[in-house]
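K.L.:
Listed here are the chains, written in short residue letters.
4 protein chains.
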Amino acid sequence: MNLAEKYKQIRKYSEQICEPLETEDYVVQPVVDVSPPKWHLGHTTWFFETFILKPNVFNYKEFDVNYNYVFNSYYETIGNRVIRTDRGNLSRPSVNDVYKYRAYVDEAMIGFLSAEVPPELTELVVLGFNHEQQHQELLLSDIKYILGNNPLFPTYSAEWKDIEQDTAAPTFIDFSGGIHEIGFNGSDFCFDNELGQHQVYLQPFSISSQLVTNNEYLDFINDGGYQNFNYWHAEGWDWVQTNKINSPMYWHFIDGQWFCYTLNGLQTLKPNDTLTHISYYEAYAFASWKGMRLPTEFEWEIAAKSFNWGQRWEWTESAYLPYPGFSKAPGAIGEYNGKFMVNQKVLRGASVATPQNHSRITYRNFFHPHLRWQFTGIRLAK
Amino acid sequence: MNLAEKYKQIRKYSEQICEPLETEDYVVQPVVDVSPPKWHLGHTTWFFETFILKPNVFNYKEFDVNYNYVFNSYYETIGNRVIRTDRGNLSRPSVNDVYKYRAYVDEAMIGFLSAEVPPELTELVVLGFNHEQQHQELLLSDIKYILGNNPLFPTYSAEWKDIEQDTAAPTFIDFSGGIHEIGFNGSDFCFDNELGQHQVYLQPFSISSQLVTNNEYLDFINDGGYQNFNYWHAEGWDWVQTNKINSPMYWHFIDGQWFCYTLNGLQTLKPNDTLTHISYYEAYAFASWKGMRLPTEFEWEIAAKSFNWGQRWEWTESAYLPYPGFSKAPGAIGEYNGKFMVNQKVLRGASVATPQNHSRITYRNFFHPHLRWQFTGIRLAK
Amino acid sequence: MNLAEKYKQIRKYSEQICEPLETEDYVVQPVVDVSPPKWHLGHTTWFFETFILKPNVFNYKEFDVNYNYVFNSYYETIGNRVIRTDRGNLSRPSVNDVYKYRAYVDEAMIGFLSAEVPPELTELVVLGFNHEQQHQELLLSDIKYILGNNPLFPTYSAEWKDIEQDTAAPTFIDFSGGIHEIGFNGSDFCFDNELGQHQVYLQPFSISSQLVTNNEYLDFINDGGYQNFNYWHAEGWDWVQTNKINSPMYWHFIDGQWFCYTLNGLQTLKPNDTLTHISYYEAYAFASWKGMRLPTEFEWEIAAKSFNWGQRWEWTESAYLPYPGFSKAPGAIGEYNGKFMVNQKVLRGASVATPQNHSRITYRNFFHPHLRWQFTGIRLAK
Amino acid sequence: MNLAEKYKQIRKYSEQICEPLETEDYVVQPVVDVSPPKWHLGHTTWFFETFILKPNVFNYKEFDVNYNYVFNSYYETIGNRVIRTDRGNLSRPSVNDVYKYRAYVDEAMIGFLSAEVPPELTELVVLGFNHEQQHQELLLSDIKYILGNNPLFPTYSAEWKDIEQDTAAPTFIDFSGGIHEIGFNGSDFCFDNELGQHQVYLQPFSISSQLVTNNEYLDFINDGGYQNFNYWHAEGWDWVQTNKINSPMYWHFIDGQWFCYTLNGLQTLKPNDTLTHISYYEAYAFASWKGMRLPTEFEWEIAAKSFNWGQRWEWTESAYLPYPGFSKAPGAIGEYNGKFMVNQKVLRGASVATPQNHSRITYRNFFHPHLRWQFTGIRLAK
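So the protein lines, in turn, are chains A, B, C and D. Following the working numbering, the numbering of the first sequence begins with 1 at its first residue and continues without gaps. Following the working numbering, the numbering of the second sequence begins with 1 at its first residue and continues without gaps. Following the working numbering, the numbering of the third sequence begins with 1 at its first residue and continues without gaps. Following the working numbering, the numbering of the fourth sequence begins with 1 at its first residue and continues without gaps.
Honestly, I wouldn't trust all of these hints.
So the derived label-pair ranges between C-beta atoms look like this [as the list claims (entries may be wrong)]:
| no. | chain 1 | residue 1 | chain 2 | residue 2 | range |
| --- | --- | --- | --- | --- | --- |
| 1 | C | N264 | D | A103 | 28 to 34 Å |
| 2 | B | K6 | C | F253 | 31 to 37 Å |
| 3 | B | W160 | A | D64 | 22 to 28 Å |
| 4 | D | A103 | A | G177 | 48 to 54 Å |
| 5 | D | A103 | A | A234 | 30 to 36 Å |
| 6 | B | K54 | C | F253 | 56 to 62 Å |
| 7 | D | T242 | C | A115 | 53 to 59 Å |
| 8 | A | P118 | D | D219 | 48 to 54 Å |
| 9 | D | N72 | C | N264 | 27 to 33 Å |
| 10 | A | K61 | D | K382 | 43 to 49 Å |
| 11 | C | I333 | B | T50 | 20 to 26 Å |
Here are the simulated lysine-lysine pairs, PhoX-like style, with alpha carbons at most 25 Å apart [to be verified]:
| no. | chain 1 | residue 1 | chain 2 | residue 2 |
| --- | --- | --- | --- | --- |
| 12 | D | K382 | A | K339 |
| 13 | B | K61 | B | K12 |
| 14 | A | K161 | A | K270 |
| 15 | A | K382 | D | K339 |
| 16 | B | K290 | C | K339 |
| 17 | A | K12 | A | K161 |
| 18 | C | K328 | C | K339 |
| 19 | B | K161 | B | K290 |
| 20 | D | K339 | A | K290 |
| 21 | C | K290 | B | K328 |
| 22 | D | K244 | D | K270 |
| 23 | B | K382 | C | K339 |
Just so you know, these hints were derived from the structure itself, not from any lab. We put the CB at the ideal spot given by N, CA and C, even for glycine.
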């Protein structure tokens, strides 16, 4: 597929994700980690306008100069108008205006991509594609948060399908120790944090062929897992106490029965479904309770050819750190990954919300250990 | 006008206030004191449904049982579904659904009011009218906050008119001391906090015939009023320091010139306009700087026949306290006023946002001393 | 008694209060409203050094120039050394150094007072006496807080005696309405907030001859007073919920029995003792539950000749506001009272911790409505 | 040296560290990371009483049953007396009482150690030695914080000597890549987090022979290092902005000159001294600005035989994670290290405050990335 076609396809998918929404759903920001859907739609557009159109298209006329500080990831002050705003406080630009902005930039981009694009700009455009795909995943998880924390529990879409459960019996797959190659080594797109293929030395390890199910996690809950500090990191235990956590996000215990909010609405909990929406702290505590551990990201990368993956982001034991020789690209693009390499954990795999073909075996996702609103899961190792 | 006609008129005005809004403007809550417009529309409807229709209309079918905890002033937990929500996080019910809710309740109410209404219910219905009128004022001030804190500074309506400035020269009117009658003593509606007409003894005082203008307040600013702790209460000074306050709300100093956000959009500051959007702390500091003081609510009530009032809520020196013999009505209606009688200041008069005929000379409005989003102003006394 | 003798007597009493303390007790500050005892000893000394000695004694040599910002009520930055400190973080100056500071200033003051003192300075010295007496009361309440919140519950002194309980049966004393004189009108010392004797008009009222006892308050607790929002101000109810309040300060329910920390150590609660250490919120809620109310400060002042008072500070319904004609003295002394006249409630009477002859019938004490560490109590009115 | 002698020597050194203190210095806790010196003295004593004496000495009589929740690392509620306390709020037990507690436990411990001690208890006693040595380091850094944040800048001791500066010219030492052995492999004491000697694969690297000096860091400051977000992690940049950081801890810019608080008091900054008291965020930003990076803990362990170390704790790029095969010991002792293995960075080496022979080449110290009150430093790698 050529660049312009690819552009159209990816841009359209963002809007398809939002089709089931009411206008009001585009606007709210219930917690700081969630962004309003209209912000995602505007911000991904701002990326193409700012990094491709404005520097490279002669006489390009900015859609609205004020959008620069509405849709920039970091709100800045412009001139003397110092106004501190949170994304969820902004009723304007309206959803209609955001769609007009998208149409305006899309037209200019398709024009631009239909001509010859020099290689270094192609690279930047492809980065824009991947950037938009990351926001597509966030759109879905943020929409779930917005609807799932509304006391009316609205359904996103009756057509939404969560994963097909793998019914094969779980086994542990053994790997011998020694030197392994880690990191991306292809010619297609990858993020800078995957680069620098290099050798690591691993001890022998075993890893589960399956992800943990709701049923297995219920055993942890029923065995008092949330009440016993021995299974938890000190910070995890603080998090449990402070936030009165006693189950995964979106679980509700009503009249003696477990329910679970899904994009299909509030449902009785299905025991054989794959567990999701747990923090790293919970993943670690569950593994401790099992007498096992989480895999490192290197173990995962070596083992992943031997099992199915891709329906949950899998917490690893690894901290998000630079690979040997990592260096940031100069300029704004260089801010993409490197500056987040502290206090976060690596997740591997992909989730039901990840756009098709967006992830790969070397892909390094990362979140703070207390976050749960992504479609996260647990794979045990020992 | 009969009750049903009055009902229709008042209910319609709430919707007229919202006519210029985009759907998105109905949803957001930028600070805790501001409520989303759709919440005001729903909450005033919930009042009639809860206190009139449900207890008094045979076989009345609630519009939606969940609205009870969405539109109640105090979010409560329902059964086992403990979900803490802030009003600004709720994208649902949608604006359309809220208007459907209004139409549904209006139909039932008009039916109810078209038959004979017993006197004690008439009283409750009239309380509902006044309740809705108070929310009409809040609708306007909240809408101003929502639009005026948006970096795009959207105009509410080009037709909006702020007050006609009184151009008469200000004078001080003298009143002799002695015993005066205070409080409501009529047969029309009043709030319980105005009741109990009683005598107070006042010292002789003088009060200004006019409200303070922007120009006079600019003198205070230019004389370093925000930098000199001597003019301020200790708590006022903390408030100035902590929040870096250096002008009234909605004022912006851009490129050496003062601008002011109004419901007509961002405008250059008009020096002769009546000052508005200042806190009690600022009103007190300004009076101190002038070598004067604010009137007490009793002085104001005695003097108000001698000057024009009604375009700004006027901060008084009085704390909001019960009149002699005040007692709360039993039940939920009794929560209306009495429970707020601590740590608040009385404001007298009415503002440009107050519905016609809603206020009167004995009316006691009240807010915390740091709040500025209402159309507040200053009248000096000595 | 001459000024020098009076000075010695008052200064000595501050040190006598601290005699039972360990050095460590002088240092800590468990909450922001409590100051370390050594700070009180230093601050009262700094007052005499700053306002009497430095401006009036030729060649007076400051004890330590740094003490100015250690013992000033408002920590300020000195030159370029910007260090934000809390009083409880300061291990130095040591307790020994503070006593040396007191001895040094005392010697200079006694020399100064032994000569002729001009009238305006006499006034300032007498203000210093009253200032130190106010800190003597704070010393006792702060020491009680420091020891009473230590898990070892140390005894302050076995000799400490709380009040003798008045065993006369409580009655309600009736007062007729009309004009009464309020405020100080003598030639002795009073604070500026009592000045301006003036007339007020009161409605007829009744007031209790006795303060509320522990027993009566236990009835409120046992009747669910802390669980029923109807008795509380909205802010009081928030305070109860947020801080999980279910009894007066220093009460502990241990193994089915009520205990109470006193300056004699932890004791079983004596039911006939006068209730103390309750907030205004609690006083109001208790009165509501009784179907009565708190007196205003004017009612209290008129009625106080008819009952015994002086063992508890009695919460009134009145907000702390200026009397007619109140004006602040120029300079630092003017900061004494006026700047606190917002968001506080007036207390009348005196407590077991108040130095003898410090209070009087026109004395206006004031605290924020949530505070409980003073020896506060309740007198009912209706 | 036998166990009893070793015990005496180590216990005595804790008290020697405190010899220069005033009683008041033992009591305060200016920030949550700092503990009052008397708490360290009590807590290390509580360790021996709780884990050695109470379970193993027949008829041992606890010194004071209440000390259990005063000196436990985690304050717990005892029975019905639920009192939440912070360490810095506790004036009791007094310093004298804490020394009595030490003497009492020391006598019992010396008796116990003079008889035959079974091997598993010997291990626990040696853990107690190392535990006390860790608190000796904390005693020094906490005392520095207490005195260095006092506006009087008291001297700890004129005899205190910071490090001798290595005057050799810095060079970069090269190491080839390949497989290396990491972790403790001896028969002496080590912590559980060093255990599991294992192989790692390293890329070739270079590491500096010297630590960064004040002078080099001043270049970073003067080049605007604290004003350029490009050098910082996103969280580091937030930390700089929120806390208005513009220099290492204890540096003060007074009248155009840099000063530095040391345990000898406030001094002019010595440019050739080894930089200390910087956070990981600052270490990372400095390395970025240099175009270099921090070493990993594995690189450091391999290289450390080739340079002098031991005067500063050296921040590494490595997150604090378990070594392969790590498992927690059962019971309270197992809480020692494992539960902290999230969101912290590894520091290697030892500082001027580390007791002699306490550290070693495999020692893994760890702190949160924002902390600066330890004697931390920077060694560059590339």
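K.L.:
If you test the structure against every hint from before, which numbers come out violated?
P.N.:
Checked against the structure, the hints that fail are numbers 2, 6, 8, 11, 19, while the rest are satisfied.
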